[in-house]
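For the sequence shown, the working numbering gives the first residue as 8, with consecutive numbering after it.
Simulated from the structure, these hints should not be mistaken for laboratory data.
Errors might be hidden in some of the hints.
[Stated by the list, open to error] Straight-line distance between alpha carbons at most 20 Å, and here's what the computed EDC-like set of lysine to aspartate or glutamate pairs gives: (1) Lys55 - Glu31; (2) Lys74 - Glu99; (3) Lys133 - Asp60.
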Amino acid sequence: MKKILITIFFISFQCAWCQNQNDEELIRKSRRSSNEAIEKRDVEGIIKFWLDDYLVIRGSGVIEQGKEANKTNWMVTFKETPKTYFERIPSEIIISKNNPDLAWETGVWKGFNTYSKGGRYSAQWKRKDREWKIQAELFVALEE
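With the sequences and hints as input, model every part of the structure.
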């Protein structure tokens with residue numbers, strides 16, 4: 008009986024670890040796709056990773072809430088400064104142990120043809136309808 012319980016515990020632990028690894032890779036893949044959409048100036052490709060109540064604090068400290076308001080901001084940015092683009096490079100992604108439908112991402116961001124060359128960022132991801140979407144992002148401009 009003891010061997011069976013240990014085996015069940017080990018298999019359960021492995022399954023949870025594998026799921027976290029899979030979720031982390033899904034988020035990394037979404038981040039890469041989001042970066043590609045920004046570089047291509049594909050606004051629909053950018054916003055498909057956001058929840059409707061998406062909140063962003065930009066590197067300059069400006070706060071913008073809502074998917075539609077942020078969509079408009081990207082459209083204006085690409086129209087007024089067409090060579091501007093950004094890249095986010097995750098250094099860590101953690102799936103919540105309290106709620107496996109929440110995840111934390113943090114890393115560095117780089118700006119090209121914009122007011123700042125980059126800084127640090129963090130993002131909160133939320134799984135909704137079996138897909139990871141961004142709930143909120145915080146960017147801090149640290150480089151000139």
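- [ ] Sort out whether Asp60 lies within 20 Å of Lys133, counting only the CA atoms.
- [x] holds (12 Å)
Open item on the list: Hint check: Lys55 vs Glu31, CA-CA at most 20 Å. Holds or violated?
Closed with: holds (18 Å)
Task: Pair hint outcome, Lys74 versus Glu99 [Cα-Cα no greater than 20 Å] - done: Roughly 25 Å separates the two Cα atoms, so the pair is violated.
Hint 2 from the list above is the single one not met by this structure.
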